[in-house]
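Colleague: Each chain, letter by letter, is given below.
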Amino acid sequence: MFENNQHFKNFGKYSFLLTELIKRDISGKYKDSTLGLFWSFLNPLLSMIVLTMVFSQFFGGSIPNFPVYLLSGKLVFDLFANATTGAMDSIKGNSEIIKKIYVPKYMFAVGIVCSEFINFLISLIVLIAVMIVTGAPFYMSLFYSPIPLFFLLILTMGVGLILATATTFFTDIKYLYGVLIMLLSFMTPLFYPIEMIPEQYLLLFKINPLYAAVKCFRDIVLNGTFPEMNYFIYLIITSFIALAIGIYVFYKKQDEFVLNI
Amino acid sequence: MTIQLRYPKKVFQINEKGKSDWNDLDNILIDDWDNVASTNVSSAQKPAVLVISDFNFNIPDDARVSEIVIEHDFHKDSSQNPIKMEPPKIKLTIGDEEFETSSFIDADIFPSDRSVLIALEDVKGEDIKDDNFKLEFEFPENSSKNEGLLFFDFVRVRLVFEIKKYILSCGETNTYFPDEDNPLQLAVGDEFRYSLYFRNFNGVSTERQEVKINIPEGFELLRYYFKASKINKLTDDDIDEELYEDEFDKDNLIWYPSVRGKGSAAIRLVLKCCSEGLKTLSGYTENYGVTPNFYVDVHPKDFESPPNLFDETTNIWGTELGDDEHYKLLNKDIVIDVKNVSMEFKKPQEKVDNLKEYCIKWVKRELKPKMKFKALDDISFSINKGERVGIIGFNGAGKSTILKILSGVLKPTRGEIITNGIVAPLLELGAGFDHNYSGRENIFLNGAILGYSREFLESKYDEILEFSELDDFIDVPIKNYSSGMVAKLGFSVATIVEPDVLILDEVLSVGDVKFQKKSGDKLKSMMGSGVTVLLVSHAIDNIRELCTRAIWLDNGKLVMDGDVDYVCDAYIEAAKKASEEQLSGIQLG
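If you read the protein sequences in the order shown, they are chains A and B.
Last residue of the first sequence? That's 261 in the numbering used here, and every number before it is there in order.
Last residue of the second sequence? That's 589 in the numbering used here, and every number before it is there in order.
Don't take every hint at face value.
Said to hold, decoys possible - Derived Cβ-Cβ restraints for the label pairs, each shown as a range: (1) A:Y201 <-> B:E416: 49 to 57 Å; (2) A:T34 <-> B:S483: 26 to 34 Å; (3) B:G396 <-> A:V179: 38 to 46 Å.
What the hints assert, rightly or not - Mimicking EDC-like on lysine to aspartate or glutamate, the simulated pairs with C-alpha atoms at most 20 Å apart in a straight line are: (4) A:K100 <-> B:E506; (5) A:K99 <-> B:E506; (6) A:K23 <-> B:E458; (7) B:K46 <-> B:E147; (8) A:K99 <-> B:D434; (9) A:K23 <-> B:E441; (10) B:K124 <-> B:E162; (11) A:K9 <-> B:D500; (12) B:K372 <-> A:D255.
As the list claims (entries may be wrong) - Listed next, the stretches of chain A that the computed footprint assigns to chain B, with coverage defined by at least 3 CB atoms under 8 Å from CB atoms of chain B: (13) 24-36; (14) 98-105; (15) 250-260.
Hints listed in this document are in silico derivations from the structure and should not be mistaken for laboratory results.
The beta carbon of each residue, even a glycine, is placed where N, CA and C say it ideally should be.
Work the whole structure out from these sequences, hints included.
Modeller: Now the structure itself:
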């Protein structure tokens, strides 16, 4: 219990660092660009337009309001992909600091996840705008939306910490993960309906916690209901398992980081 | 030693049957050659015993009487048929005690001074008052067959006694005392210690004594100490409790020694030489004397003083320890405690830098296990608050590793490090500077990395800006800065804290010449204010200048830890044997 106190104290001391890191990560995301933060709107919007143009021909018929379906899934997935990739690079990317000054190292991973989450919140405006334009109904259930997003954040944080630890020791994971993320993006029904998946592979898709996150979010936004319980509970469980593993391996291995970067 | 000569006021004879009576006894009280007492002694007759008393000695009650000399004269008449009289027995009575001796030489016809000495012990002034001090002269019988006169001229008593109850002395712990021929040789600016001891000798004075200390112009009194009082044998009934305490009137240089039942009271002055010349110091009491002159020859400032033989540092008093720098440090809190710290790095024996090679080697089982390299091997030391410690050693000795461990960057493989207070490692300036950020934004980013809070940085922002001399450039992205400007900014942020422990890798000097001086001054002022400093430097001169203690590491082991000059000397000695590779970049000074 005392040790926890110590950690909280340390977190308090470096809380300003966290805000500075988030600020740096956000302002660094579109650095040197003329439009800057505006890309947080533009990026999902443009990719949605492209994907809608391409895939609505294939799946449009079976999915009502394809743009919102696509965007709600893609935003959630992009948050996960960007944040975990960022966290993976965070230790190596800040090696100059870590090698020279004592800083709680998890701050770098937490910082990038938080900044990606803020970025995600900004791009939600695009989702709202698209919903207005396409005339999608606004359900009262939208008030539930922070709940699955919170667990998505937990999941992302956990996976991010695991990746940050692993990449420090095996640089190859960085490249492997790029492929993995691509695979994962296809394994998550972003631009196609889950009904398309043949029965025998369905389980394979359903164990993907990202699908649970996307499903929960879509239930709220598109169906106007509280997330389906079994998916929601699965999201909660996997997110906490991921965070627990993430904190454990990170904490165990963080003292060796400096020797490997 | 004092001598007092006294004549009696009272003389009488013990008239016994068969003994001859004395006439004109009062003449004995007068010391001249004309008036004498006399008695007519028949053959085989004894003169009456003379009892002489009331000498009215005027000595203090507690003075110690060591000798009594009884001077007297007896002689016989110069008739043709004189008597024959052997010397008398002299009996001295002091109170209950009796001392017997006898005079010498038979009575002659000429007067002569005779004196006999009686040595005494444990006799004090109060014991010999009035009737308590009595002399008896008992002559033997006239051994001639003639009858004749025996004269007795006078009795004087010479009293030898000690009235000193105390001795005032100076520098009693030394065999060497700086006299006129061999004065203490010091330079202007030197300090020395001058001690006076006031020791009781016999008895106790219950009055306050004044010791005037004579310090000539040209000395500045820095500090003074009293010797801690031992258990005082005196009780409250004897004297006022106030008198137990020493007092010193600094303005008039008067010391009031504590009154003690036993032992000596002492005062020690720490003096600083301010002007040149041969000077003398001394102490003086009205009742108990003057100390010998203590000669000090003060030379100009650059004079190299020979070892101060008189220095009483071997005899440090408990009261002094409070001001002793080393002693104080010993009793301060430990700010850094390094316990059995070892640091191991794994170093591959061969470089395998791609996966293909790795796989081939793995298949062929040619992979050699990684070699363990001990950067630090069971190092232990602790640093007290306010100590300035330099870490020295050849290249690869583990200096930087220990600093990284202390600043928290590295975690030791084994062992433990405990640090108390705010530790400011100035190992890296401007860590984490973002080149797209303006100077202002980087102050906050860099400050956050160093663990400062937003409130702290906001309150210190103006100070940082002023020190960095960046003025209007502060809002320009630092990618447009010169390297000197970046360094200035980094230095200004890093040194804004008031740390308890300052960890430095080399004395940082950044920027242009002007800023180098400014930054150097800033560091020195940070070090000056009682901050604990840990400095790693290749320049031994820097270590000697800035540190009080040095720790010498070699191959990850602690070789020596102690006084900076001692360790540095030993290190330089060892460096003569070291290889060129070990020494590259090291300035031995």
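Colleague: Are there hints from earlier that the structure breaks, and if so, what are their numbers?
Modeller: Those not satisfied: there are none.
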